[in-house]
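J.: Make the full structure from the sequences, and use the hints.
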Amino acid sequence: MLATIIQNLINALQWGSFYALIALGYTLVYGVLTLINFAHGDIFMVGAYIAFFVATFFLTTAELPGWAALALTIPLTMILTSMVGVALERVAYRPLRRKGANRLYVVITALMCGLILENANLALLGASRKAFPPMITEHVYNIGGVIFTDLKIAVIVTTILAFFVLHKIVTKTRVGMAMRAISYDKFAVPLMGIPMDNIIVITFVLGSGMAGLAGIMFAMSYPILEPYMGALIGWKAFIAAVVGGIGDIRGAFLGGFLLGAVEILVVAFFPSTFRDLIAFTVLLVILAFRPTGLFGVAKTTKI
Amino acid sequence: MLLSVENLEVKYGNIQPLHGISFHVNEGEIVTLIGANGAGKTTSLYSICRLAPPEAPRVIAGDIKFRGESILKTRPSDVVKKLKMALVPEGRHIFGNLTVMENLELATYSRERDADLKTEYQRIFDLFPRLHERRKQRSESLSGGEQQMLAVGRAMMTGCNFLLLDEPSMGLAPRLKYDLFRTLKKLNEEGMTILLVEQNAHLALHLAHRGYVLDTGKLAAAGSSKDLLGNPDVKKAYLGG
Ligand SMILES: Nc1ncnc2c1ncn2[C@@H]1O[C@H](COP(=O)(O)OP(=O)(O)O)[C@@H](O)[C@H]1O
Ligand SMILES: [Mg+2]
Numbered sequence: 001m002l003a004t005i006i007q008n009l010i011n012a013l014q015w016g017s018f019y020a021l022i023a024l025g026y027t028l029v030y031g032v033l034t035l036i037n038f039a040h041g042d043i044f045m046v047g048a049y050i051a052f053f054v055a056t057f058f059l060t061t062a063e064l065p066g067w068a069a070l071a072l073t074i075p076l077t078m079i080l081t082s083m084v085g086v087a088l089e090r091v092a093y094r095p096l097r098r099k100g101a102n103r104l105y106v107v108i109t110a111l112m113c114g115l116i117l118e119n120a121n122l123a124l125l126g127a128s129r130k131a132f133p134p135m136i137t138e139h140v141y142n143i144g145g146v147i148f149t150d151l152k153i154a155v156i157v158t159t160i161l162a163f164f165v166l167h168k169i170v171t172k173t174r175v176g177m178a179m180r181a182i183s184y185d186k187f188a189v190p191l192m193g194i195p196m197d198n199i200i201v202i203t204f205v206l207g208s209g210m211a212g213l214a215g216i217m218f219a220m221s222y223p224i225l226e227p228y229m230g231a232l233i234g235w236k237a238f239i240a241a242v243v244g245g246i247g248d249i250r251g252a253f254l255g256g257f258l259l260g261a262v263e264i265l266v267v268a269f270f271p272s273t274f275r276d277l278i279a280f281t282v283l284l285v286i287l288a289f290r291p292t293g294l295f296g297v298a299k300t301t302k303i
Numbered sequence: 001m002l003l004s005v006e007n008l009e010v011k012y013g014n015i016q017p018l019h020g021i022s023f024h025v026n027e028g029e030i031v032t033l034i035g036a037n038g039a040g041k042t043t044s045l046y047s048i049c050r051l052a053p054p055e056a057p058r059v060i061a062g063d064i065k066f067r068g069e070s071i072l073k074t075r076p077s078d079v080v081k082k083l084k085m086a087l088v089p090e091g092r093h094i095f096g097n098l099t100v101m102e103n104l105e106l107a108t109y110s111r112e113r114d115a116d117l118k119t120e121y122q123r124i125f126d127l128f129p130r131l132h133e134r135r136k137q138r139s140e141s142l143s144g145g146e147q148q149m150l151a152v153g154r155a156m157m158t159g160c161n162f163l164l165l166d167e168p169s170m171g172l173a174p175r176l177k178y179d180l181f182r183t184l185k186k187l188n189e190e191g192m193t194i195l196l197v198e199q200n201a202h203l204a205l206h207l208a209h210r211g212y213v214l215d216t217g218k219l220a221a222a223g224s225s226k227d228l229l230g231n232p233d234v235k236k237a238y239l240g241g
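Protein chains in written order, with my numbering: chain A, 1 to 303; chain B, 1 to 241.
Keep in mind that the hints were calculated from the coordinates and are not lab data. One thing to keep in mind: the hints can contain errors.
As the list claims (entries may be wrong) - Below, simulated SDA-like cross-link-like pairs (lysine to any residue); rule was C-alpha separation at most 20 Å, straight line:
#	chain 1	residue 1	chain 2	residue 2
1	B	73	A	184
2	B	11	A	187
3	A	186	B	99
4	A	186	B	15
5	A	186	B	91
6	A	99	B	91
7	B	136	A	184
8	A	172	B	91
Said to hold, decoys possible - Listed next, with one range per pair, are the computed distances between beta-carbon atoms:
#	chain 1	residue 1	chain 2	residue 2	range
9	B	122	A	147	27 to 33 Å
10	B	126	A	6	53 to 59 Å
11	A	231	B	119	51 to 57 Å
Said to hold, decoys possible - If you only want the chain B side, here are some residues facing chain A, beta carbon under 10 Å, derived:
#	residue
12	52
13	54
14	66
15	70
16	72
17	76
18	87
19	97
20	103
21	105
22	158
23	191
24	192
C-beta: ideal position from N, C-alpha, C; glycine also.
T.: Quick look at the structure:
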């Protein structure tokens, strides 16, 4: 019994980690710009593909040992994925911001950016799926009936670490303060000598970097890549961010794990085809009781 | 001349609130810009600070010069960082979701990392002891007067030596008003150049060395504070007879 609970908990945390990491990106950008970056799920997908190419390069072209390839693939993927996020900001969102465009157009632009990323991938790489190359050999452990792999534990630990780093940045550094300040009063930020665009770029770097990290870990855990892999998981992560209280990084983190837990629980008791139906229903009920999400206290409390 | 505004004309969309105004501020001076509501005082300050539309207007003619060089192409954050001019905006615009201390810290964003900030924070707290008491509180919870002190303290923490203030006395109890103006005088004696926008012309002219009177986007009068206080037209229109 206890073993079953722990087993499900580990599974929930691992599955929720992906939602949590992706939800962080939604919530950061929303907190700073009140922009729902609907392309973010596809940035996760791009992250997984970048990881694929980077890992393949290090393993086959550079012929590095697996652990070295992994150690290089993680930071490089995060950096390259950040650059994709920043590029999106520069070519799509910033011009609209300059023109003071209506929110509706910005949201539609974000949706289109996501579709462009998916279809560009499809056009460039074709519809065939890619198998992610194994960099390390997974070990399976069985402790008192609880079965887990070292990769699962690594995913959970990495996600928790990433959250604490991000939380530190947002609450303790001047850049983090500036991010919170923008969410409260955009107008006064330049008056403090703060170049607003730089802060927005940093926001996209952090959010997309997290999506890149999720991309690698997802590809290592479920090593089949396809262009639409970011769509559903992106939507779910967005919902997780909303349920947690969009704009609050603790909310994104908690919402992600909550969604992971609900899904794992559903599968433990029902046929797996019920998973999304019941998971979304539970989230809908939570939102009905707390429309601002779990951490959405006041409207002014963002990030 | 530290700052000079020359025949400035600006527009918000199709609305033109400034029709060619000129004024200047010398180093070490307190200059005041007075005028009725809607005269274009805030618009002038936003233009000087190079803030971006839609809140701020765009310049269509004339120039704004800092030490003789046009700053029309300067970014608003560089007005603070490089020119060391800081605005205390109308309505304060403090960051209510940050603590008092965080508001002050944030203002040091563009400064050298090794600047001796400790003594500067102390200086702010000496000027405004209330801020020290409340430094760990969310600034939303401050009273109006305390928020104004924070807005001034925050501007000072940018390391500016030119302070622009937009109706800082608005909404303050008379006592706090006098305290604030005394503080401004003290800052000026320590070397701070000040451009003060006020509706309370009496108070402003008693503090300032010189003044300009703005009337619906045009200059109506200019001169030393003494002259303006004695000017019958100004008296009638802005000093209540
Ligand atoms: N953002 C804006 N958009 C359009 N018109 C504006 C804007 N801000 C101010 N105005 C207009 O410009 C004129 C000058 O306003 P303002 O500079 O705020 O005056 P003051 O500060 O002297 O009271 C007013 O007629 C005002 O209605
Ligand atoms: Mg005004």
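J.: Evaluate each hint against the coordinates.
T.: Do the hints match the structure? See the list:
| no. | hint | in the structure |
| --- | --- | --- |
| 1 | 73/B - 184/A | violated, 27 Å |
| 2 | 11/B - 187/A | holds, 18 Å |
| 3 | 186/A - 99/B | holds, 17 Å |
| 4 | 186/A - 15/B | violated, 23 Å |
| 5 | 186/A - 91/B | holds, 14 Å |
| 6 | 99/A - 91/B | violated, 25 Å |
| 7 | 136/B - 184/A | holds, 18 Å |
| 8 | 172/A - 91/B | violated, 27 Å |
| 9 | 122/B - 147/A: 27 to 33 Å | violated, 60 Å |
| 10 | 126/B - 6/A: 53 to 59 Å | holds, 58 Å |
| 11 | 231/A - 119/B: 51 to 57 Å | holds, 55 Å |
| 12 | 52 | holds, 8 Å |
| 13 | 54 | holds, 6 Å |
| 14 | 66 | violated, 15 Å |
| 15 | 70 | violated, 19 Å |
| 16 | 72 | violated, 16 Å |
| 17 | 76 | holds, 4 Å |
| 18 | 87 | holds, 5 Å |
| 19 | 97 | holds, 5 Å |
| 20 | 103 | holds, 8 Å |
| 21 | 105 | holds, 7 Å |
| 22 | 158 | holds, 5 Å |
| 23 | 191 | violated, 20 Å |
| 24 | 192 | violated, 17 Å |
Consistency with the previously given hints fails for numbers 1, 4, 6, 8, 9, 14, 15, 16, 23 and 24, ordered from lowest to highest.
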